[in-house]
Amino acid sequence: MEEKKFDKNSLIGFLIIGAILLWMLYMNQNEEAKEEVTTEEVAEETNTPEVNTNTKQVTQEEINTASATDSTAVEELKNRLGSFAYSGTLPSATDATTTLENDVLLLKVSNKGGYIVEAMLKEHTTYNGEQVYLIKDGNNDFNLQFNAENRLLNSRDLFFEPSLTKNGDNEVLTMRLKAGENKFIEYRYALKPGEYMLDFSIKSQGLEGVVDTSSPIYIDWKLKGFRHAKSITYENRYSRLTYEHENEDFSKLDPTGEDAEVETDVDWMNFRQHFFSSMLLTDVPFKEVAFSSTDLVIDEEVDTVFTKKYGAKILIEPKGGALAENMNMYYGPTDYQIFNDYDRNLDEAMPLGWGIFGMINKYIIIPLFGLLSGFLPAGIAIIVLTILIKLALSPVQYKQYLSQAKMKVLKPEIDEIRKKHEGNQMKIQQETMKLQNIAGASPLKGCLPALLQIPVFYALFTFFPTAFDLRQKSFLWAEDLSSYDTIAELPFHIPFYGDHVSLFPILASIAIGAYMIMSTGQSMQAQQQPGMPNMKFLMYLSPLFMLVFFNNYASGLSLYYLTSNLITIGIMLVIKNYIIDEEKIKAQIQVKKKKPKKQNRFQRKMAEMMEQAEQQKKAQGKKK
1 MEEKKFDKNS LIGFLIIGAI LLWMLYMNQN EEAKEEVTTE EVAEETNTPE VNTNTKQVTQ
61 EEINTASATD STAVEELKNR LGSFAYSGTL PSATDATTTL ENDVLLLKVS NKGGYIVEAM
121 LKEHTTYNGE QVYLIKDGNN DFNLQFNAEN RLLNSRDLFF EPSLTKNGDN EVLTMRLKAG
181 ENKFIEYRYA LKPGEYMLDF SIKSQGLEGV VDTSSPIYID WKLKGFRHAK SITYENRYSR
241 LTYEHENEDF SKLDPTGEDA EVETDVDWMN FRQHFFSSML LTDVPFKEVA FSSTDLVIDE
301 EVDTVFTKKY GAKILIEPKG GALAENMNMY YGPTDYQIFN DYDRNLDEAM PLGWGIFGMI
361 NKYIIIPLFG LLSGFLPAGI AIIVLTILIK LALSPVQYKQ YLSQAKMKVL KPEIDEIRKK
421 HEGNQMKIQQ ETMKLQNIAG ASPLKGCLPA LLQIPVFYAL FTFFPTAFDL RQKSFLWAED
481 LSSYDTIAEL PFHIPFYGDH VSLFPILASI AIGAYMIMST GQSMQAQQQP GMPNMKFLMY
541 LSPLFMLVFF NNYASGLSLY YLTSNLITIG IMLVIKNYII DEEKIKAQIQ VKKKKPKKQN
601 RFQRKMAEMM EQAEQQKKAQ GKKK
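Counting from 1, one number per residue, gives the positions in the sequence shown under full-length UniProt numbering.
No wet-lab data here; the hints were simulated from the structure. Treat the hints with care, as some may be off.
[What the hints assert, rightly or not] Estimated spans, in silico, between C-beta atoms of each pair: (1) 493 to 258: 49 to 57 Å; (2) 451 to 154: 55 to 63 Å; (3) 317 to 487: 40 to 48 Å; (4) 487 to 324: 35 to 43 Å; (5) 395 to 287: 51 to 59 Å; (6) 476 to 94: 47 to 55 Å; (7) 194 to 247: 14 to 22 Å; (8) 343 to 167: 22 to 30 Å.
[Claimed, not checked] Here are the simulated SDA-like cross-link-like pairs (lysine to any residue), alpha carbons at most 20 Å apart as the crow flies: (9) 192 to 281; (10) 408 to 396; (11) 411 to 432; (12) 230 to 220; (13) 183 to 91; (14) 411 to 390; (15) 203 to 157; (16) 399 to 516; (17) 230 to 132; (18) 362 to 220; (19) 473 to 124; (20) 112 to 192; (21) 136 to 220; (22) 230 to 493; (23) 390 to 493.
Since the model is a prediction, treat every value here as computed from it, not as a measurement. Think of the CB as a built atom: it goes at the ideal place given N, C-alpha and C, for glycine as much as any other residue.
Starting from the given sequences, assemble the full structure and let the hints guide the process.
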């Protein structure tokens, strides 16, 4: 019976894949962590003006009282608000809202503060069937802070006058904070049919001498992201504040704990909530923005309403002594196809991977999956996508198996070398390398094809958790391919695993285990060599990793791994039984061994180094 030996090539491959999996999970949770900036430092860098402690804020009750016919109260209001007391005496000085909507988006804008207090996506629901709200119940605060007549005022405390009109098919809402009949600060919202993006502008008129444009003026935007998914920890992993600044440089805040940063020349910002985004974009870059992000999720066991608390304090620069800011707001899906259509680099707000990984997603995976899902159910589209990718990579996989076959043919001769030079590891390595060089085979040649597959492997790892097309799409027992599938609920919570059992990770683990047994099972019978890890442990590590850590991941990702490993097993069996002829390979190697083989520069250098080491070892032995 042929003695089974350890397969170094397989070990290297599995170690690399395991390391990559661990690295990818770590990077998805804590990618591009920045140097921590304290709240005090942010405040100092943005030159936030100190509030005059002698200036009292006006309460809603006081404004409502003054809005009546109480002349004394109106006079008091004027003393405390100056010219902007005019708005507090208008009929619109109430908490009433105006609705702005199209076929996909419904917005409610409050008279108080003039900002959006409700944003509902008409075509999308949460994991429990409720309508998706990005803004509701006071989770959003949009405030214009400015100095007027030696008073620090906040637009959130003041009342705007609404006017809703139609401009063709577009709905246009103007909200005016008045200091007189023709003196006002205006927010203008314009919403087109079928769009999640709306035009938004801030301008002032007739306020020269009223608003102090020499003092800093800020937009202060704060938003707490609602939970929308079944697994809040999984959703929270992909919820992050991202932005573009300084000539198409893209950055993000740390998704864990608290983080803050001050940036200049900011083009847009995204308060991303995994599959949904709340964005503010500008035509002319904001000079300076102080960003902040706080993680509000404790763990999966705590029923948390919010995932993240985001903040952006934006420095506004008046133009010609007046406000004139043209911007856009976006409340909608975090969908690559939608983002890409705007041609404003918004796709960089999505975690599609950096460098070549992101390029593979943008130019291959996303278009191909979009094409397939256009006429196939999502689950079938994943399977077909996997088949196409595996077929495209099959030449690379063939090279890998060919190298392994050559190593297997050389195994008896390598065993003879080990037996002949037993106890002299240096000589064994030297003779083995010489034999492999003559035969044109080496473990490195088998490892390189596996490395070539890593970019595609990682691109798909980042694609499936962010693919909006998978959201709430069912397949077999999985109700939602963008979330975990459940075949059993547990009465307790297991750390790292969760409180449920997902079937797709189990099946994927079995497929990975079967593949590893087929490819490296022969080493199980080999004698354990000194310094080598326990192969039995390594064989079980990857399936166990899949089983535990993917229990809370998107079932679409586990379906891909299941399909991919089944196809890999099939390709391996076909290549092994019908394509690769070991006797033919053995004959070819014998022919090559008879031909003179020139060593390249690296091989010559390695041989010289090993020869020198061998001679030094012999010399030391003689001295003893």
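Which earlier hints can't be squared with this structure? Per hint list: 1, 3, 4, 7, 12, 14, 18, 20 and 23 violated.
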